[in-house]
Amino acid sequence: MSTVFSLVKKQQMDSSVELARIIAGCKSGDADCFARIVELYAGRCYGYFYRLTGDRNLSDELLSELFVRLVQKIGSYKGGTFESWLFRIALNIFHDHLRGKQRRKKLLDARRTELELEPDEAPRSDASDEQVDRLQVQLSRLDADTRELIMLRYYSQLSFKKIAEMRREPIGTALSKLHRGLKKLRELMEG
Amino acid sequence: MEDQTRENLNHLLRQYLDPTHAEAAARDIRTGERLLDLYPAPTPSPEIVARIKAEMATSLARRHRIALTFRRSLAAAAVIAFALIGLLNRGPANPTNVSQAGILPAAIWDSKDMASDDPDLVYFTGEVHRIEAQLQALEAGEDDAAGNGSVDELETELRQIETELGKG
Chain A
1 MSTVFSLVKK
11 QQMDSSVELA
21 RIIAGCKSGD
31 ADCFARIVEL
41 YAGRCYGYFY
51 RLTGDRNLSD
61 ELLSELFVRL
71 VQKIGSYKGG
81 TFESWLFRIA
91 LNIFHDHLRG
101 KQRRKKLLDA
111 RRTELELEPD
121 EAPRSDASDE
131 QVDRLQVQLS
141 RLDADTRELI
151 MLRYYSQLSF
161 KKIAEMRREP
171 IGTALSKLHR
181 GLKKLRELME
191 G
Chain B
1001 MEDQTRENLN
1011 HLLRQYLDPT
1021 HAEAAARDIR
1031 TGERLLDLYP
1041 APTPSPEIVA
1051 RIKAEMATSL
1061 ARRHRIALTF
1071 RRSLAAAAVI
1081 AFALIGLLNR
1091 GPANPTNVSQ
1101 AGILPAAIWD
1111 SKDMASDDPD
1121 LVYFTGEVHR
1131 IEAQLQALEA
1141 GEDDAAGNGS
1151 VDELETELRQ
1161 IETELGKG
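The listed protein sequences derive, respectively, from chains A and B. Okay, so the first sequence: first residue is 1 according to this note's numbering, each after it adds one. Okay, so the second sequence: first residue is 1001 according to this note's numbering, each after it adds one.
In case anyone wonders, no lab produced these hints; they're calculated from the structure. Mixed in with the good hints there might be a few duds.
Straight-line distance between alpha carbons at most 27 Å, and here's what the computed DSS-like set of lysine-lysine pairs gives [to be verified]: (1) A:K27 - B:K1112; (2) A:K73 - A:K106; (3) B:K1053 - A:K78; (4) A:K73 - B:K1053; (5) A:K78 - A:K183; (6) A:K177 - A:K101; (7) A:K73 - A:K27; (8) A:K101 - A:K73.
Okay, the calculated bits of chain B under chain A, using three or more residues with CB under 8 Å as the criterion [unchecked claim]: (9) 1031–1041; (10) 1051–1062.
Backbone N, C-alpha and C fix where the C-beta goes; we use that ideal spot for every residue, glycine too.
Build out the structure end to end from the sequences listed, making use of the hints.
Right under this line is the structure:
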């Protein structure tokens, strides 16, 4: 048992040493190291964006934005958990997207009122073109904040302490929200 | 998804809940997260990954170009600054020679006998001497019979001289 434990520990150390080497390469402007970061994190970050938006095209855009911003901001990474740093950027990008969406909606509403025209059709949902899975449907029934917390926890694999720091809320609050959210999700899936 | 970096959930929950509830909450959380494992999200297409890598390379090249331009501009600015400093620090400028223009000619200014060195004064002095001589001759009775005319003439000359002296 202790041999397995030490093997896992060694693998973790090796991967963190490798990650540190890649990040150092990124900081010195090595394009191959940036490409390696994409290979390591694109799947997780894409899943995070997809589960929050339910839209593949939008997730493509947000993912692209994330990695371009990573190139711009890599100099500001001063150590610590890389996932924490990366997912903080991802979270900001998602919030920027929400704010932009809100602004566009307001503009559209104002324009409609101005023209006194009824919309020809109902606004298309983000996921209208998607072959959404059952989980995505039930996730959309959770409130946005809880959904965001569940996805952040699942895809970033960060500790509650880090997540609570990132969300600027007490650990107990994050724990309780996640517990209630996942319990409700399970009930919805079973129902 | 493998859980490699998380803390001990049971231990954390026990800080907020009694042991029974903490165990139930941990079970709920694990079951909920297993659902996420059972329904994995789609992965990005290879095309989008390739496009992102290309975008990053472009962004990186742009950053390099900007950094290079910035460094070159900085170097050029430094050269210009050093050149300016060099030009300004060539030593104190030579004192300007102050030329002064005298109101009076230097010969007169330096003279110890202005009456003989100034042509105007020489002229006036000569004139005064001549009139004095004429006056003395008149007093000695050396004038012609009509003597009065000469006295008037002399008075007129004296007035003219006074006037010219007054004009300076």
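Going through the earlier hints one by one, which of them does the structure break, listed in rising order? 1, 2 and 5
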